[in-house]
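S.K.: Okay, here's what each chain looks like letter by letter:
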Amino acid sequence: MAASDVKFLVCLKQVPDSTVRVKVAADGKSIATDGITWSISPYDEYAIELALEHKDGDPSTTVSVVTVGPARSRDALRQALAMGCDDATLVIADDKAGGLDVAKAIAAIVKEAKPDLVLCGKQASDDDQGLVGPALAEALGWPHVGMLTKIAAAGDGVELWREIEGGHEVWSSTLAVVGLVHKSAKEPRYPSLPGIMKAKKKEIPEKDLAALGVTPGAPRAEVIAMEPPPQRGGGKILKADGDVKALAVELARLLHEEAKVL
Amino acid sequence: MKILIVAERRDGELRRVTAEIAAKAKAFGDTEVVEVTGTDRYHPVAHANAVVARAKSSGADVVLTGATLNGRDLAARVAAKLGWAYAADCTDASVKDGAFQVKRPMYAGKVRATLRVPTPAVLSIRPGAWTLPAGTEAVKPAAIAADASAEKLKFARFEPTATSGKRVSLSEARVIVSGGRGLKGPENWKMLEDLADALGAATGASRAVTDAGWRPNEEQVGQTGKTVTPDLYIALGISGAIQHLAGMTSSKVIVAVNKDPDADIFKIADYGVVGDLFEFLPAFTEAVKKTKAGA
Amino acid sequence: MRPEAGQTERELAGAVRDWSAELAPRIADAERQGALPADVIHDLGELGVLGMGIPESDGGLGASTVVFALVLEELAAAWPSLAVGVSVNSGIVAGSIVRHGTREQRARLLPRLMDGSGLGAFALTEATSGSDAASLRATAHRDGDGWVLNGRKQFITNAKYAPFVITFARVGAAEEQRPHAGVTAFIVPTDAPGVSLGPSEQKMGLRASDTSALVLEDAQVGADAVLGEIGRGFGIALAGLDGGRIGIAAQSIGIARAVIERAIAYARERRQFGTPIVEFEAIRFSLARARTDLDAARMLALRAAWLRDRGCPFTREASMAKLFASETAQRVTYQALQVFGGYGYMREYEVERYARDARATTLYEGTSEVQRMVIARSLVAA
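Heads up: the protein sequence lines correspond to chains Y, B and L, in order. Those letters in the first sequence? Residues 490 to 751, by the numbering used here. Those letters in the second sequence? Residues 25 to 319, by the numbering used here. Those letters in the third sequence? Residues 29 to 410, by the numbering used here.
This is chain Y alone, in the form it adopts within the complex:
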């Protein structure tokens, strides 16, 4: 990786905030969006943080963000700018664009912006597919590394740390490469108050799919029904006021005889 002026492009998606209690809408195949809070998808926040951590160490780094989505996604880009990203691009698209279409649109942005590294969250916390990152890499003819937790400069290229069971695989790659981020070293930073003020003054250019040469329609999975996960509850509550030992034996018995999992 070059000693300075490294360019990151982080792809993000605006999704219902992780604290939102998701409800199925009246149509039975989407979620009710009335009055819900939207946020940057958690893994995308880690991707932003990972890029900004690099920028903390080397201020010549630029971190751009892009999203493909409805107009409300502008708020997510604004949030990323407030965290400290340099510039943002909004590609307007509706539900007709599937993962492969979105990847093509971002690939067109990448060809224009020519970043050294592209980072995505490993999956968006709405559809949880994890398709766009690998599909983007494929569209660009770049390699990708998933479960990314760390990026380190190594000669002309980079070392990419991929978290797996029991440790990390360290992959070396020349630039350019797509990283699918699992975690950053630190928790994603909060936007600072001056950051929020600065972000408000920045222009966010808007593009549409047609301008990027993308016509939605690539094959895709289509949601035909949604339901809440089966309700749990009505469990047995045991109170440990008295004989803890007897209680422990009773729980072991219940798990063995009643639940049959022991």
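These are computed hints drawn from the structure, not numbers from a lab. Some clues are possibly wrong.
From the derived model, a few chain B residues whose C-beta atoms are all more than 12 Å from chain Y [said to hold, decoys possible]:
(1) V163
(2) R205
(3) N212
(4) D221
Some, not all, of what chain L presents toward chain Y, calculated at C-beta under 10 Å [unchecked claim]:
(5) L40
(6) A43
(7) V44
(8) D46
(9) W47
(10) E50
(11) E74
(12) G76
(13) V77
(14) G88
(15) L89
(16) G90
(17) V95
Here a beta-carbon is modelled for each residue, glycine too, at the ideal position from N, C-alpha and C.
Given the coordinates of chain Y, work out where chains B and L should sit on it, guided by the hints.
M.R.: Just chains B and L now, kept in the frame of chain Y:
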């Protein structure tokens, strides 16, 4: 329909999920199980190239992988390379009117969705989603060779995590013992591990715990960690933030131990113990050992 | 004036709310130990909260008093002890230096109030003089180019964290006809020779907020230590206190909001006689009154802040806001505690802490009685 199944190994053995898929997929049509060889490890580009080449040459209509770390990574890239429809982490699949109909969690497990996936398609199937019928014949995958020698992306080395040992893998474990902030500090994990050992369980943790550095990230269960569906999930000192619940609420049986009777975890627990963790846990570990010895 | 804050103002407050939500697991320990963790103060610097009222030309955010009030509300809703520390540092201390400091003093002192390395302090109160600042006893004498200070200041918020303390001392003798004569504001570094701190006070509430005595025994400071003009210190103190009252109002509002939110959540969950207690009229009316008082308090505080931002007189309005909001906080914390029943009395449920913290709001920066005097004086003066 022609089905290409990509096998996966762990420590030299075929993963259980490969057998689960191979057994179930026979209902969809002709199956072929392949295993990518020729590289020391899973290589995201080389493996995808090998699988795509085979899918094309064999005229497959659908590619199935396990929804494991590598399986999901591979399936997504294969789908992109082939330009096929894709669904990740399916908990069920059936064929209807020439297309697949799959079930899969969305919104971090807060919703269960049914999707229509037109063929040709790539699907990754969650481990444990399909039970393996007793007496199923062992799978013998055909080798397909990958070549990573010309790839710009190269494996450099493995950096083991200091604390992780020989425990069962979290995503495939049938029993999981998870700890939260209620354990008060990393020094108290010994108690949790004693119970996990007695149960032959994997160990998990809440996000508060991994954020605090008490346990490695890979143990985190929940929205930004792993989604697990074991037969038995034991939550110790975990209050049950919605993000944690999203990752474990589909477990078959949930046991919660917490001193706060109002903790949200009790709302989804099948068995709840209200009381002091530090008194209860050693007693319970003993009781489990005795029950197992007697069983 | 709008009845609600504007979009940007709410966004800034919202950012502080998101950040402070993560503090929750640490509060109980810090309160027990009686100290604000250094990394929390550091993070407040990074977030730009500490410099929010400092003009952009001096390196701060240049935020309005309205933003200041909303941010303090958020901090207090999460952790009142922290809000007190920030209020003093970023309100009265930073404000006094911005308004009265020389260019050199601003460049030298303001960064230290913004960078998260500590929290500034303001030392007016003495054992025998509180809001009656005219009976102040600390003295300052010229010594070559510099000054020598003597006296004992009491109840100094942030003293333990402070890089320097704005300290009021009298130059020359007290005059019977002119009680404010000679009162001068000095910038006293806490590491200057002759400066020491008394032990931290053991308080009923706000335990993580430091309150210590500042002891001046032939304390030596340089010529550049004088803030504003010699003999004009009392005006500096009064101007600072007016703004500070908006800060206390905002803290009171944050405390009241926090306990109302908790009481509603608890009342929905808690079942008695087969029904959630939130169904009982006694509980519902209590919540309705609490919320109405809260909204009224916030409007009073925003009005005072809005007037201040426009350079209008706001002394009376600040006193009204402080009086009403602090009494609201006290009443509402007790109402919330009642909703919680016996659990409310237990340490584990935070309402008990908020109730103790709220008790201070009618006492510091002028008791309720002093506020009524200020308000009444302004009414009958015409």
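S.K.: Could you run down the list of hints and mark each one as holding or not?
M.R.: Here is how each hint holds up against the structure:
1. V163: holds (22 Å)
2. R205: holds (16 Å)
3. N212: Fine: 17 Å to the nearest Cβ keeps N212 (chain B) off the interface.
4. D221: Since the minimum Cβ distance to chain Y is about 14 Å, D221 (chain B) lies beyond 12 Å and the statement holds.
5. L40: Hint on L40 (chain L): holds, closest Cβ of chain Y at ~5 Å, below 10 Å.
6. A43: Given a least distance of 5 Å, the restraint on A43 (chain L) holds.
7. V44: Because about 8 Å separates V44 (chain L) from the closest Cβ in chain Y, which is inside the 10 Å limit, the hint holds.
8. D46: It holds, given that the least Cβ distance between D46 (chain L) and chain Y is near 6 Å, below 10 Å.
9. W47: Result: holds, 4 Å to nearest chain Y Cβ.
10. E50: holds (8 Å)
11. E74: holds (6 Å)
12. G76: holds (4 Å)
13. V77: holds (6 Å)
14. G88: With a closest approach of 9 Å, the G88 (chain L) hint holds.
15. L89: Nearest chain Y Cβ about 5 Å off; hint holds.
16. G90: holds (9 Å)
17. V95: holds (8 Å)
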